[in-house]
Each structure stands twice: as C-alpha cells, then as structure tokens.
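Following the hints, complete the assembly by docking chain G onto the known chain W.
Each chain, letter by letter, is given below.
Protein chains: 2
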Amino acid sequence: MTSDDEGSRFGPDRFEVVYRIAGPPDEVETRAKQIALEQTVEMPDEVVTDAGIRQHIIGRVERLTPLPDGASSATISYSVDAAGDDLTQLLNVVFGNSSIQPGLRVEDVRLPGTYLRRYRGPRFGRAGLRDAVGVKDRALLCTALKPMGSSSEELAELAYRFALGGIDIVKDDHGLANQSFAPFEERVERCVDAVERANRETGLHCVYAPNVCAPGSETLRRARFAAGAGAGAALVMPGLVGFGSMLELSLDDTAQLPLLMHPAFLGSFVAQREAGIAHGVLFGTLARLAGADASIFPSYGGRFAFEKSECLAIRDAASTPIAQLRPIFPAPGGGMILDRVPELLDVYGDDIVLLIGGDLYRNGHDLTRNAARFRDLLQARTTSAP
Amino acid sequence: MTSDDEGSRFGPDRFEVVYRIAGPPDEVETRAKQIALEQTVEMPDEVVTDAGIRQHIIGRVERLTPLPDGASSATISYSVDAAGDDLTQLLNVVFGNSSIQPGLRVEDVRLPGTYLRRYRGPRFGRAGLRDAVGVKDRALLCTALKPMGSSSEELAELAYRFALGGIDIVKDDHGLANQSFAPFEERVERCVDAVERANRETGLHCVYAPNVCAPGSETLRRARFAAGAGAGAALVMPGLVGFGSMLELSLDDTAQLPLLMHPAFLGSFVAQREAGIAHGVLFGTLARLAGADASIFPSYGGRFAFEKSECLAIRDAASTPIAQLRPIFPAPGGGMILDRVPELLDVYGDDIVLLIGGDLYRNGHDLTRNAARFRDLLQARTTSAP
Chain W
1 MTSDDEGSRF GPDRFEVVYR IAGPPDEVET RAKQIALEQT VEMPDEVVTD
51 AGIRQHIIGR VERLTPLPDG ASSATISYSV DAAGDDLTQL LNVVFGNSSI
101 QPGLRVEDVR LPGTYLRRYR GPRFGRAGLR DAVGVKDRAL LCTALKPMGS
151 SSEELAELAY RFALGGIDIV KDDHGLANQS FAPFEERVER CVDAVERANR
201 ETGLHCVYAP NVCAPGSETL RRARFAAGAG AGAALVMPGL VGFGSMLELS
251 LDDTAQLPLL MHPAFLGSFV AQREAGIAHG VLFGTLARLA GADASIFPSY
301 GGRFAFEKSE CLAIRDAAST PIAQLRPIFP APGGGMILDR VPELLDVYGD
351 DIVLLIGGDL YRNGHDLTRN AARFRDLLQA RTTSAP
Chain G
1001 MTSDDEGSRF GPDRFEVVYR IAGPPDEVET RAKQIALEQT VEMPDEVVTD
1051 AGIRQHIIGR VERLTPLPDG ASSATISYSV DAAGDDLTQL LNVVFGNSSI
1101 QPGLRVEDVR LPGTYLRRYR GPRFGRAGLR DAVGVKDRAL LCTALKPMGS
1151 SSEELAELAY RFALGGIDIV KDDHGLANQS FAPFEERVER CVDAVERANR
1201 ETGLHCVYAP NVCAPGSETL RRARFAAGAG AGAALVMPGL VGFGSMLELS
1251 LDDTAQLPLL MHPAFLGSFV AQREAGIAHG VLFGTLARLA GADASIFPSY
1301 GGRFAFEKSE CLAIRDAAST PIAQLRPIFP APGGGMILDR VPELLDVYGD
1351 DIVLLIGGDL YRNGHDLTRN AARFRDLLQA RTTSAP
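Sequences listed follow chains W and G, in order. The first sequence runs 1 to 386 under the numbering used here. The second sequence runs 1001 to 1386 under the numbering used here.
Hints listed in this document are in silico derivations from the structure and should not be mistaken for laboratory results. None of these values were measured; they are calculated from a predicted model. For each residue, glycine too, the CB sits at the ideal point set by N, CA and C. There's no promise every hint is true.
Calculated from the model, a selection of chain W residues having no Cβ within reach of chain G, i.e. all distances over 10 angstroms [as the list claims (entries may be wrong)]:
1) E46
2) G276
3) Y300
Where chain G lies over chain W, by a calculated footprint (3+ residues, C-beta under 8 angstroms) [stated by the list, open to error]:
4) 82-93
5) 229-235
6) 358-365
Residues on chain G that point at chain W, a partial pick, calculated with CB under 10 angstroms [to be verified]:
7) R1009
8) P1012
9) Q1179
With the rest of the complex left out, here is chain W (with noise of 0.2 angstroms):
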C-alpha cells in the first residue's frame, strides 16, 4: 500500500485494453504482467521500488478470461498519466512495444471521460459532413478521381462529370500525392473550380477532397492551402503520417476541414487474426479519436479479404457512444460496385458513405451518367423507405 503522498504524484483515473493473448492459458497470466510492465515501466518487476510507480504506473492485470478459441483475453488497465495529453504517447502505452509480440492483439480500447476530455475528436462527424453537402436522409456518394498519371487538368474534367452526376464527394485516388504529371496545388485548384463549376449547374453542395498527405508538417500545410484554395474535404492516411498528424488537422482552425481517413500502410495491424489491432477499434475507435469524420475500409466481398463481422464492427465502433466524440461515417470502398449498392445499404445502413470508384469508370464512358445512376440507386432506396 501507498501513502496519501505517494498516491498525489499521479492521478486515480485509468483507461482499459483488452488483448487477444494467443497460446496456453497457463501462460496467459505470466504474459499479461508482462505486458503490463512492457507497456509502462519497460523494466524487471523487482528493480521497480518505488510504492507510487508499482502501484499507479505499472499496468494492472484486471482480468483474465479464456476465449472460445483457445486464447484468452486480458484486461489491462494504465493510469491516464502513463499517456499524458498526446495521443501519439497513448497508442505507444496500448501497443508501442507490445505490438512486436506475437501472438497479441488489441481488441478494444476503453478510455475514461475523464481522460477523454482532452479530446475534441471529429469536428464535423456525421451531421457535420451532412451539412457540408446537404444531404439530410441517406447514404452519402463518393468516388475517387484516377488513374495515376493522369493530368491536373483531365482529373479536373473528371471532377466536375462526377459532381454534374450528383457525386457528394470526389476524393483523390490516395495515390495522387505530389507527382510532376498532377502537382498538389495545381490539382487542387483545378478540381475545386470545376467542382464548383458543377454545382453551379446543378444546385447541389458536391465536395472535393483532396490527398494531402506529406513528410512530416508538410501535411497541415497541404491542408491548409486545400482549404484555402476551397476544398470541401481532406484525405488522409495515417498509417503514413501517424494518427498524430490526422489529430493536428482535425484541430487546426486554418484548415477546419472534414478529413477522410484512408487505411493505406495499415494494412499489417489487421492483415493477421492473432496480431495487430481489432478492425473496430484501428478504423472505429481510433478514427475517432484522432478526429477522423469518415473511415474508408475495404469492404468484405471487394478487393480485400475484410469479413463482413469486421465490417459491421467498424460501423458499430463509428458510432458506438464514446464521451462527446461524435459518431462518425463508416466509408466501406475497396472494390464495391454498383449492383451492390442495394445489400450494401441493407447491411450497413443509410449512415454511411458509399465509396465506389472503379466501377463508375467501368461502366461505359459517360461518368456523369455512371453517378447519376449511382445516386438513383440511393434516391431508390430513400424514397422507398417507409
């Protein structure tokens, strides 16, 4: 036991993670403490002397419990101070070092209001980016400007053809970063006038979001000229620029756009059943947190091998409540095509944003009519709801 004094030096609060532990559960419990001084103290549990530290800091095994398959699940729970008020310190205490042990993944991550305080999350959110292109009662439409290679100028005629179809939001491939045949700048100019353009003509609030992903600050300053230059959106991968960097978008006041996150080079966190980080959570959870307003993810029967258990808990996870983070889009994309657009709507529901983008290319040459029948195919379904 501490003294009063000792427990003054870090606060009561903690937040909670559950780990996946694979392997014997007579092991579990071994690994788990393991885990818990991994994650804090980094050290022998028995160099560790000082009563305040072994008692707030070091992790604390809550819970033990065997799982159906085998494994087991452990709660861990850290004190608040042990991540302080940057979000990068926070993921490095749920998996800075653990995250190289196999055999362990992240299934849930529980913070305390508390803690969460310290967080504005997504700014828009749902009804935010709603408001953004005026759609009150159903799916939103996006679709992405390619190929790579393609000129600042054909991206641009590509832009305004899916905005004339009624396209809500036209994004970047999220490989059209800074190239010589595209530049950021002359890109974003010229896909927001003719985004623009197009919804001069058709009356409707169609938004573009560009990539503006780059080494280090480079990024905000990207997002900062995209939204000076009158973009409606951002695209985002942190998996490239660290969740850290999709957060300072989400709070910069020069920028205040809403920010798409991409799962680019995050793939290995979920490309594995035993290691990495739960779908909800990476896509859900974390989204969120880092201010996030919509999270693309391959959807299950596309390009990808996502199932659709994943999915649906990326989409509960979006808008589960969490303190005052607002629920936020599930973006499914990866190779959806239009004939699923209905099952698709079934499955996920009416909060989300509809991510195709291939197949509208596909579909014959006429781009505007490929979106106008894409948005037929949600107007369908919204005016014959109940």
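Frame of chain W; chain G shown alone:
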C-alpha cells in the same frame, strides 16, 4: 507501344519492389498483376486507356520466382514518377493498399541512384555519431532512463550516474513523452545539465537523447527545443509519428540531431512471417532513407521473438551500399544483458550501438558501477583484439 510523345510525360527511371506472395504458384501471376494495378492506377486494367499510363505508371511484373517454401517471389517495378518527391508516397506505392492483402510481404525495395538523389539520408550516419560521442573503434554504449513515473529530477540523476559510468548515449525510455510527472521541456533541460556535469568530470562526450515524438508538427518543435537545450541526439518512433516526420527531423537545420529510430508501434509489420515488411527493409533500408542514424530493434534472445537471421538482416541493411545514403548503426536491445555482451559483439561486430536498459538497473543499485562494467566489457574486447 507508345509514341515518343507519350513517353515524354513520364521519365524512364523505375524502382523495384520484391514481394513474397503466399499461396498456390498458379495464382501468382494473377496476384502479381493485381498488385501492380492496386499500387498505381487502382482500377481494372481494361479501363486504363491512356497508352503512356499503361506503359509507365501501371506497375510492371518483372520476375516471378518460386520459393523453396512453396510461396513465390514477385518483382514489380514502378515508375519513380509514381512516388514523386514525397517519402510518404513512395511508401504508399510500395505497400499502401497492398498492406491490407493477406499473405503479401515486402522483401526488398531497390531504388535507383537517380531517384535516391532526392534524399539526403542519414545526416550523421555511423561516422557522424562516432564523432559526436568521441568513440572511434568500439561499439557504442546506450542505456535508457526509466521507469516511467519518475520525476525529471530523478531521471536527471540517473542520466548523471550513467554518464559518469561511461555510457555514450543516454536515451529516454521510449515511454517518456510529456507526462505531468516529467514534462518534456523540464526533463530535457535537467537531463542535459546532468549529462554535461558528468562529462565535465569524466572528460567524455556522453549525449542525451530525449524522445521527441508528439502529434503532428509538435514533433519538430520538440526536436528543435531539445537541440536548443543541448541534447545530443533524439529518439524517434516512426510507427507513431510516421517515417515522413523522421525524415523532416533529419533535414531540419535548426534541430540537427542524430536520430535514434525506435520500433514502437511498428511491430505489426514484422509480427508475422507471411505479411508485412521484411526486417532488413523496415529497420535498415527505410530507416536510412528516412534519415535515422541508428536503428533500435529487439535482438534475438531477449524479450521479443526476432530470429538471429532477421537481426543480421537488419545489421546488413544498415550498411549495405545504397547510393549516397550513409551507413547507420544497428542498435540491438530489448532485454539484452551484460553477460551477453561478448556474444553480441561477436555476432553483430563492433559497428553497433549496444542498448542495455533494465539489466543495468537490475545489477545492484550502483548505476555508475554497472555502466562502467558495461563499458569495461566493450573496452576489454577492443584491447584484446589483434
């Protein structure tokens, strides 16, 4: 074939990525072609009509080779124009969306010298870091300040004792960020003072390396503060802040600090044999490209599960000639103990930073004596060498 006109939109230079593809050999050609599309145009092959994009931008399957274990090796080349000048976009082309594909692993990244000219690489490298600590001919000694929860004053006292014992690099434990118990700026100032005080007594050149990781551009701000306060190096975790943030630090003329890369939150890339990024590429090639001067990794035989061969791959990738990129120090750690120093030097050689943390705390309470014993183990080898 394309005309000269089309060719002129894109340069001829290409880089190669070698992927390991799990699964039946008869599916490998199809999978390789899918990767080549996924990582570039991200749309069905038949929809890409532009001849220049088809010839230059779509990834090109160069070689397919069966591997002894039944998997296959696929070498795919990409135009350097697809990556442009941004390191983040290079990583995106290498493994952005494909990271989400199960059974796919990056085994090698081969960049032509013409492209590498866009990178400075490590500012210091081995020679520069040796100069900084005044050590010509032996492995460098590194230890960590811990445990988390200690005050700045306590950590500074540890730094003093370690420096007094002859440690070359005293780094923050990677879990020290900007917590209330040891705020970043206060900690940096106190630890710098402590190490300078010890250096005055010993005549040695110990450097203190604070952890500068933070959300977004705050990382750069902290590195600049650290440099201004007199820190001699910085600890960076690209898993948390992105490789692009490390690159930015390496290029920053205000900070100008040797960078110690730490593997936290990168583990999911290497926690599986069939997916992710090969150890040498992640902790060697990409570390150098992004400007690290030393690359910390968990050595075989410690608390983590790296195999000896994987560790040697990191060692080799840290120094294999890559255009003008300086060789850097592999820095094995993660549960190393003093008793293993001779073995580790035999295996890794003397061009390493040897990181021993917890064991220095465990071996009695006289940290200065423990550090001196660590130093003696390295000196003994140097003096006994032919």
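Tested hints:
no. : hint    : verdict
1   : E46     : 8 angstroms, violated
2   : G276    : 5 angstroms, violated
3   : Y300    : 13 angstroms, holds
4   : 82-93   : holds (count 11)
5   : 229-235 : violated (count 0)
6   : 358-365 : holds (count 3)
7   : R1009   : 6 angstroms, holds
8   : P1012   : 14 angstroms, violated
9   : Q1179   : 4 angstroms, holds
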